[in-house]
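Enquirer: One-letter residues, chain by chain:
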Amino acid sequence: MYPFREGSFAPRNCWYVAAFSTEITEKPLARTILGLPVALYRKADGEAVAVGGRCPHRNFPLGKSTVNGDDIVCGYHGIAFGPDGRCTHIPSQKVVPGTYKIPTYPLVEHGIWLWIWMGDPEKADPSLLPDLEEIGFYTEGTKAEPIFFNEVKCRYQLLNDNLLDLTHLAFLHGTSIGVLENATVPEVVTQDANVLRSRRHIVGAPATPHIQKRFGYTGAVDQVVGMDFYLPSFHAGFSNHIYAADHPELAGEPIQRGLVFHAITPATRTTSYYFFAIATIGEQANVENAKKSLGPVIEEDIFASEEIEKMIELVGGNPTELMIKTDRNAVLGRRMLQAMMDEETEAAKVPA
Amino acid sequence: MYPFREGSFAPRNCWYVAAFSTEITEKPLARTILGLPVALYRKADGEAVAVGGRCPHRNFPLGKSTVNGDDIVCGYHGIAFGPDGRCTHIPSQKVVPGTYKIPTYPLVEHGIWLWIWMGDPEKADPSLLPDLEEIGFYTEGTKAEPIFFNEVKCRYQLLNDNLLDLTHLAFLHGTSIGVLENATVPEVVTQDANVLRSRRHIVGAPATPHIQKRFGYTGAVDQVVGMDFYLPSFHAGFSNHIYAADHPELAGEPIQRGLVFHAITPATRTTSYYFFAIATIGEQANVENAKKSLGPVIEEDIFASEEIEKMIELVGGNPTELMIKTDRNAVLGRRMLQAMMDEETEAAKVPA
Amino acid sequence: MYPFREGSFAPRNCWYVAAFSTEITEKPLARTILGLPVALYRKADGEAVAVGGRCPHRNFPLGKSTVNGDDIVCGYHGIAFGPDGRCTHIPSQKVVPGTYKIPTYPLVEHGIWLWIWMGDPEKADPSLLPDLEEIGFYTEGTKAEPIFFNEVKCRYQLLNDNLLDLTHLAFLHGTSIGVLENATVPEVVTQDANVLRSRRHIVGAPATPHIQKRFGYTGAVDQVVGMDFYLPSFHAGFSNHIYAADHPELAGEPIQRGLVFHAITPATRTTSYYFFAIATIGEQANVENAKKSLGPVIEEDIFASEEIEKMIELVGGNPTELMIKTDRNAVLGRRMLQAMMDEETEAAKVPA
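Protein chains in written order, with the UniProt record's numbering: chain A, 1 to 352; chain B, 1 to 352; chain C, 1 to 352.
Only chain A is shown next, with the shape it has when bound in the complex (with noise of 0.2 Å):
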């Protein structure tokens, strides 16, 4: 489907946010992932697990159900299984059959996210999850938190070509993060197995609206800008801002710097959950201010998103798109997810 080959939707055998950590505690939550149901909790000992979320019951929510030790119970008829996705329990008998099962999902604890594998368990590797120290995770001084969780209603890779193609800041952000340059200067893209680079080098360009209003600082800016693409849909982001050449006395000194994460995760093929988090960085953020700040840019991504969702379901099927120079960095994001897609149908070929 859009943008992808007809019939690939999103690929399976890799990592996706399933939730931030603070979301879930010994009370289980419901979400659904690549189409499927899934329910997360927390057992005894603080462990975060992922199962199936159906009640092969009678298809009840086991998200919408409770949690009692280590298992979790239905909230219907209180059949209960185990972490490790066998029933333990029947209310009503003694007897309870050994193929009585919901499936589980590998499920790794990593930053202040909760990752999922939905493809095959034996190909969970968590040496394929995002290297957080890579991204800045760890730099002294600066702390991950949640800022935003949204439900948007399109397909996962419009978020993820949002992301990819940054020349948007210029005019869906104009008024906030954005400024011309960020669609005229050119970027510099280098890709990785599973990572894709994109840096862009801004000289003495405008400041930002969100910088003249904070900062009242209305000079010129050098800017980098730049964002890393962990496939499938994890973005860490950084830009920072910095006096231009021609500041009397600050000339090369910062004046704000920002890291930014996007996680965003395929619930159905036309809905998608966007995670949103920043790094603090000493004084200078805090999560109210980002939340203050970056939520209306956010509200904007998301209905561009959404809008182009709305517009591919009128005009129907897989529109045909004019392609532009800048479209290098979503393009080879495409790709390379295409190729994941296309590797997973090959392997589920039956040999000859």
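By construction, these hints were calculated from the structure, which means they are not laboratory data.
Treat the hints with care, since some could be wrong.
Since the list gives no way to pick one copy over another, a pair counts as held whenever it fits inside one copy or between any two copies.
Unchecked claim - DMTMM-like, lysine to aspartate or glutamate: derived pairs with alpha carbons at most 20 Å apart: (1) LYS101 / ASP327; (2) LYS349 / ASP120; (3) LYS27 / GLU309; (4) LYS143 / GLU6; (5) LYS291 / GLU134; (6) LYS123 / GLU109; (7) LYS310 / GLU140; (8) LYS43 / GLU23; (9) LYS143 / ASP342; (10) LYS64 / GLU313; (11) LYS325 / GLU187; (12) LYS310 / GLU151; (13) LYS64 / GLU309; (14) LYS64 / GLU299; (15) LYS153 / GLU313; (16) LYS43 / ASP71; (17) LYS213 / GLU253; (18) LYS101 / ASP70.
Model, not experiment: these values are computed from the prediction.
Since chain A is already given, all that's left is putting chains B and C on it; use the hints.
Expert: Quick look at chains B and C alone, frame taken from chain A:
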């Protein structure tokens, strides 16, 4: 369709509750029953009738029109139809073709309900209605009263299933009318031609939260809980709470008796009407108290049923089910309904 | 699709109202017309233009973007298109391929409306627009004014049908602008190439509830009610109320004159835009009064049309209709529309 065979939805040659009697006046009411539009109203002499709900002229809903004497008059262009379905008046012309008519459906006032027959009218046999004597409707000192009418976003069988497996009281209603013993004590099931009866004798269990709250009694209680399923979708239930044998003074004395009536009617394939009534018994129960105390209980049933409908839509098709011993009653009920549907399908086949 | 032949939806080679003129400014407006996204805006010189509403780069709605001079600029990544559809600017690159363009649609300002041509632009002939002289638009002392714009959840022909059969005034609007005689007095229908005219001369009927209320007059009234249908979906209506012959002093004198304009535009297959305007006549009518008195009337028409749409969806397919004599006008109107569609289908066939 789930939980029936593919292609099976609901039997047609049987009585469904179309409305509480009190709902129907000389102002017509629109309902959708078995996927068909129906208009219900009372003639000048007070008799309630049911006709097709679609004006065959321009498809306006007759159930949102008006009644004039015995006739229903389309609210759009004023075409009138008698309770026999024949067109009686066309405002703009004198001649009314004899072929102009709308469907009519047998409708019987029985108890506090109006029962409709959507199948072959020649087979509409009032002796197939639930025996009100049998369900205690005429017991001296009791009076049946409509309590709730709900439009529920689920296929009707999910509401039947709910009532055919009362082990759910222990979990879904564990904070109101259920105790664990509702799930652990075996039930006795007896099957008649069109009735399926469940009885559960609970001895020396804790008082339900409702009993504790209302009577301030926290000692042991004996309970008899029964539910009689009159196919296709009427359920007469009772619960008797008695001071248990260890009570120093009141052993064997009644604490509370309840008599309830649930009628479920398929509207569309995935929506239903749910008519809930109680029998007020002596001074013990009254309508306002019942609404207050049972409102949240019925909401829990509706919540569960709608969640299951969403789950079925999410996972698609006819999900496999894990069966346990207490499913016997519900499975029997489903089989009896499937047999009714199979018989209708068989009868509809043209003989060779 | 109902009420047309299977596969027939709406003619394309004709003028539809895209907007009231006053709606279109230098800020673009998004509309869906015949299932296609459209963006409407005014150029720097004030001329209104219509272009395809989908940015072909990443499917963002141009109708929710901005205008810069004569160009529409996508709100997502800033790609600009001129009113001739050609891409004029890509912020991130100097070369703009000449093949990059969006559709454009002929748009004509005529009266208080903007008329769009969604079919073959070579056939867009302004002489096919309704003759404003003929509909009394330029009568001295009258001034046309937009009153209501509504998005209606029904296929456009249901709104056409409504206006093509004014016998509904007697029933749907029986408490406001209708009297029984609207249904019982025969109409005179005349048919031109693209216009279908209905006239109904009512003699000595009761005053309508509106007339009674406004003028305190409860005597007999003569009425002339006319509605001219300019295909495919513009209706110019008038009603003249005159003191009847038995009035001692005022016989033959006017009580009230009304001149109204209804424009219907197919948005999607089952949704429509409804533009309602009136001609204020001398001191008699004004916009605020019209909104107050006619608001409930238009709401009744929308109610009926949306209920019928729901009924058609419920019963499925193309329901058979009972035909009566007063359907002649509506049936003629449908046939003329069907003929337009058939002609387009025929013309689209590749010659052998």
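Enquirer: Tell me, please, which holds for LYS153 and GLU313 at an alpha-carbon limit of 20 Å: within, between, both or neither?
Expert: both (12 Å within a copy, 18 Å between copies)
Enquirer: Treating 20 Å as the Cα threshold, decide for LYS123 and GLU109: within, between, both or neither.
Expert: within (17 Å within a copy, 64 Å between copies)
Enquirer: Is the C-alpha distance from LYS43 to ASP71 at most 20 Å within one copy, between copies, in both cases, or in neither?
Expert: within (7 Å within a copy, 59 Å between copies)
Enquirer: Could you figure out if LYS64 and GLU309 sit no more than 20 Å apart (CA to CA) within one copy, between two copies, both or neither?
Expert: between (29 Å within a copy, 14 Å between copies)
Enquirer: From the Cα coordinates, with 20 Å as the cut-off, is the pair LYS43 and GLU23 best called within, between, both, or neither?
Expert: within (14 Å within a copy, 51 Å between copies)
Enquirer: Is it within a copy, between copies, both, or neither that the alpha carbon of LYS291 lies no farther than 20 Å from that of GLU134?
Expert: This pair counts as neither: shortest intra-copy Cα distance 25 Å, inter-copy 60 Å.
Enquirer: One pair to classify: LYS101 and ASP70, alpha carbons no more than 20 Å apart. Within, between, both, or neither?
Expert: Result: close within a single copy only, 15 Å intra versus 60 Å inter.
Enquirer: Using 20 Å as the alpha-carbon threshold, which applies to LYS27 and GLU309: within, between, both, or neither?
Expert: neither (33 Å within a copy, 23 Å between copies)
Enquirer: Between the shortest in-copy and the shortest cross-copy C-alpha distance, which are at most 20 Å for LYS349 and ASP120: within, between, both, or neither?
Expert: Classified as within; 14 Å inside a copy, 48 Å across copies.
Enquirer: Have a look at LYS143 and ASP342 and pick one of within, between, both or neither, based on CA distance no larger than 20 Å.
Expert: neither (38 Å within a copy, 65 Å between copies)
Enquirer: When no copy is named, should LYS64 and GLU299 be tagged within, between, both, or neither for a Cα gap of at most 20 Å?
Expert: between (28 Å within a copy, 15 Å between copies)
Enquirer: How do LYS64 and GLU313 come out at 20 Å by Cα distance, when the copy is not named: within, between, both, or neither?
Expert: For LYS64 and GLU313, the Cα distance is within 20 Å only across copies (17 Å; inside one copy 31 Å).
In summary, the numbered hints that this structure violates are 3, 4, 5, 7, 9.
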